[in-house]
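Note that the protein sequences, when read in sequence, are chains Z and L. For what it's worth, this note's numbering labels the leading residue of the first sequence as 1, then goes sequentially. For what it's worth, this note's numbering labels the leading residue of the second sequence as 1, then goes sequentially.
Fair warning: there could be bad hints in the mix.
Label-pair restraints from in silico Cβ distances [to be verified]:
id: 1; chain 1: Z; residue 1: Ala11; chain 2: L; residue 2: Phe210; range: 33 to 41 Å
id: 2; chain 1: Z; residue 1: Thr125; chain 2: L; residue 2: Pro46; range: 53 to 61 Å
id: 3; chain 1: L; residue 1: His219; chain 2: Z; residue 2: Thr125; range: 47 to 55 Å
id: 4; chain 1: L; residue 1: Asn38; chain 2: Z; residue 2: Pro7; range: 51 to 59 Å
With a straight-line Cα cutoff of 35 Å, these simulated DSBU-like cross-link-like pairs (lysine-lysine) come out [unchecked claim]:
id: 5; chain 1: L; residue 1: Lys159; chain 2: Z; residue 2: Lys350
id: 6; chain 1: L; residue 1: Lys83; chain 2: L; residue 2: Lys159
id: 7; chain 1: Z; residue 1: Lys352; chain 2: L; residue 2: Lys83
id: 8; chain 1: L; residue 1: Lys83; chain 2: L; residue 2: Lys178
id: 9; chain 1: Z; residue 1: Lys350; chain 2: Z; residue 2: Lys162
id: 10; chain 1: Z; residue 1: Lys352; chain 2: L; residue 2: Lys80
id: 11; chain 1: Z; residue 1: Lys162; chain 2: Z; residue 2: Lys352
id: 12; chain 1: L; residue 1: Lys178; chain 2: L; residue 2: Lys80
id: 13; chain 1: L; residue 1: Lys178; chain 2: L; residue 2: Lys159
FYI, nobody ran anything at the bench for these hints, they're computed from the structure. For every residue, glycine included, the Cβ atom is placed at its ideal position computed from N, Cα and C.
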Amino acid sequence: MQRYSVPFLLAIAGALLVYGAKAEWLSLYVVSVLMFMGVNVILATSLNLVNGYMGEFSCGHAGFMCVGAYTASILGVLLFSGHKAFGEAWLGPELAVWGFPVLVIAGGIAAALTGLAVAVPSYRTRGDYLAIITLAANYIILSVIENLDIIGGSRGFMGMKKIVNGMEETLELPWMPLWVFVFTVLSVWLLRRYLSSTYGKGVMAICQNEVAAEIMSVNTDRIKTVTFMLSSGLAGVGGALFAFILGYVNPGSFNILKSTEVLVMVYLGGMGSLSGSVLAAILFTLLLEGFRFVIPWLNDLLHQLSLVPESYEVSQVWKWVLIPLLLIVIMQFRPEGIMGNRELGDLFPKLKRFYRFK
Amino acid sequence: MNAHPTAPDAPVLEISGLTIQFGGLRAVSGFAERLEGNELVGLIGPNGAGKTTVFNLVSGFYQPSGGTIRINGVDTKGLKPHKVTALGVARTFQNIRLWNEMTVLDNIRVARHGRLGYGFLHAVARSRTYRAREAEIEREAMELLAVFQLDRHAHDLPKNLSYGTQRKLEIARALAGKPKLLLLDEPAAGLNSADIQELIRLVRWIHASFDVTIWMIEHHMDVMMELCQRIKVIDFGETIADGTPDEIRNHPAVISAYLGDDQI
Numbered sequence: 001m002q003r004y005s006v007p008f009l010l011a012i013a014g015a016l017l018v019y020g021a022k023a024e025w026l027s028l029y030v031v032s033v034l035m036f037m038g039v040n041v042i043l044a045t046s047l048n049l050v051n052g053y054m055g056e057f058s059c060g061h062a063g064f065m066c067v068g069a070y071t072a073s074i075l076g077v078l079l080f081s082g083h084k085a086f087g088e089a090w091l092g093p094e095l096a097v098w099g100f101p102v103l104v105i106a107g108g109i110a111a112a113l114t115g116l117a118v119a120v121p122s123y124r125t126r127g128d129y130l131a132i133i134t135l136a137a138n139y140i141i142l143s144v145i146e147n148l149d150i151i152g153g154s155r156g157f158m159g160m161k162k163i164v165n166g167m168e169e170t171l172e173l174p175w176m177p178l179w180v181f182v183f184t185v186l187s188v189w190l191l192r193r194y195l196s197s198t199y200g201k202g203v204m205a206i207c208q209n210e211v212a213a214e215i216m217s218v219n220t221d222r223i224k225t226v227t228f229m230l231s232s233g234l235a236g237v238g239g240a241l242f243a244f245i246l247g248y249v250n251p252g253s254f255n256i257l258k259s260t261e262v263l264v265m266v267y268l269g270g271m272g273s274l275s276g277s278v279l280a281a282i283l284f285t286l287l288l289e290g291f292r293f294v295i296p297w298l299n300d301l302l303h304q305l306s307l308v309p310e311s312y313e314v315s316q317v318w319k320w321v322l323i324p325l326l327l328i329v330i331m332q333f334r335p336e337g338i339m340g341n342r343e344l345g346d347l348f349p350k351l352k353r354f355y356r357f358k
Numbered sequence: 001m002n003a004h005p006t007a008p009d010a011p012v013l014e015i016s017g018l019t020i021q022f023g024g025l026r027a028v029s030g031f032a033e034r035l036e037g038n039e040l041v042g043l044i045g046p047n048g049a050g051k052t053t054v055f056n057l058v059s060g061f062y063q064p065s066g067g068t069i070r071i072n073g074v075d076t077k078g079l080k081p082h083k084v085t086a087l088g089v090a091r092t093f094q095n096i097r098l099w100n101e102m103t104v105l106d107n108i109r110v111a112r113h114g115r116l117g118y119g120f121l122h123a124v125a126r127s128r129t130y131r132a133r134e135a136e137i138e139r140e141a142m143e144l145l146a147v148f149q150l151d152r153h154a155h156d157l158p159k160n161l162s163y164g165t166q167r168k169l170e171i172a173r174a175l176a177g178k179p180k181l182l183l184l185d186e187p188a189a190g191l192n193s194a195d196i197q198e199l200i201r202l203v204r205w206i207h208a209s210f211d212v213t214i215w216m217i218e219h220h221m222d223v224m225m226e227l228c229q230r231i232k233v234i235d236f237g238e239t240i241a242d243g244t245p246d247e248i249r250n251h252p253a254v255i256s257a258y259l260g261d262d263q264i
């Protein structure tokens, strides 16, 4: 039972999601929130690999996400739907059902290769300097895309909706929720496997004492490279899914604000805790959506109590005041984040008897 | 199977003309040493004499400005520390450098990183090779902890152990890679006299039961006199004496280096 409990629960969750979306007892809105939740889980856990486990400070995660999003989108449009700049589709929309996972993986690979370029300076640089390099990488990626007119420049790139529709026409299933769920589970699982192997524990060794790691035969350059590539590659996977959920991408969605959002999730959940990042990504998504309902309610309340002038309306912009405020409060009272560096099984040792997730 | 590449009959360590310059300072100059299999040799000298620098050179942290270092007959020029370790060198540090947020068992396991026998893809695919190797690494790590009587701490974090136990763990971790040459950099630093007696027994036992050459730096002369077969003394990067503990004890150059030779 210990061995099968996690796959069993995941299978049920996946089946419920797909069935719910198909039978429409989960509204389109709920399904889209769940999908963004999945993307956020991928982004937060993968960034935690570098910032939490390896102890480096990367703050350009959205840049890698962007590479994944554009690679998957362009490749998808090229192969399955056609585009005014590239001409007819090479394969046609009916093959998109099979090609979709390939697109997402291609996005991941492209982002991982970009990550390789950032990994090299990380051999010599640490701390603030690496943060600046990753920040610069984020900007470089965005500038390149903004100046490529063939893919829409800063206006953005579209045509992915057609591919998703094509998939649904071929076989009527809610494909996007299904794939987001599959890739989310795969990403966390991949990270967990990496980090629980002796090979992957080299990452923690570098974080905790790099000199000792080098002397005790850890090839630190290689581990840093692999770790960076894995982290940025998964960000690319998240980006690819993000692009197909929206059906449209523009460089503005991957700016430094997005990177910060992911950083916030990592710190909220706890550095060096995968379960913390998963939890934080879920909470953060819910929080973001929750304010959509809370703010109008707050607006009514404040008007009834005549605390704000009649002509002023408390708008959704206030979300970006309230969320940072909440974070400041959390960092004040629980600076190590929700989970610290512990996993679910460390917090509830009895739980370990019922599951195994490696 | 021999774990490390070796040239037959080569000494475990052969250093000649080793020199390193930091800016205008010659930290080590013309240093030579030759260690045969299973020797237990000491390196002493006043503070700042360049002892740890020699260890940093041998373990690949610094690249020498001149001279050669051969480990089991292989020239280490240009090799990174993890490659030098792969030639069969392990070391401990003056200030203990354990991975404090990893369990004692994991500390030993990660020390096998150079000879895992699998890579990233095996790790994430949990291949047959991976499972076999991990099982073996874990078994050997537990065996090593058992002979060091650390097995009851296997799942503790090193930072929660006593200082003396941390020292012991660091030495055990150094031996996890089955080295031919073990460098101990001031293993008695910060230990009380009871712990020092235990350390002497530990080093003697390691020397007797592991097939390893031990080269140690230590300020506690009683430890060195009791353990070492031979001691070399350096001062300002230059070798000033070399001999058995008894010869060193009465060597005029050593006495003047430690106590000064000014006329009072």
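Hints, one by one, checked against the model:
1. Ala11(Z) to Phe210(L): 33 to 41 Å: This hint is violated: roughly 50 Å between Cβ atoms.
2. Thr125(Z) to Pro46(L): 53 to 61 Å: violated, 37 Å
3. His219(L) to Thr125(Z): 47 to 55 Å: Since His219(L) and Thr125(Z) have Cβ atoms about 36 Å apart, the given range 47 to 55 Å is violated.
4. Asn38(L) to Pro7(Z): 51 to 59 Å: holds, 52 Å
5. Lys159(L) to Lys350(Z): holds, 25 Å
6. Lys83(L) to Lys159(L): holds, 28 Å
7. Lys352(Z) to Lys83(L): violated, 39 Å
8. Lys83(L) to Lys178(L): holds, 14 Å
9. Lys350(Z) to Lys162(Z): Violated - the C-alpha atoms of Lys162(Z) and Lys350(Z) are around 48 Å apart, more than 35 Å.
10. Lys352(Z) to Lys80(L): Answer violated: Lys352(Z) to Lys80(L) is near 40 Å, above 35 Å.
11. Lys162(Z) to Lys352(Z): violated, 45 Å
12. Lys178(L) to Lys80(L): Satisfied, since the Cα-Cα distance of roughly 19 Å is no more than 35 Å.
13. Lys178(L) to Lys159(L): Distance ~25 Å between Lys178(L) and Lys159(L) Cα, so the pair holds.
Violated hints, in rising order: 1, 2, 3, 7, 9, 10, 11; the structure is consistent with all others.
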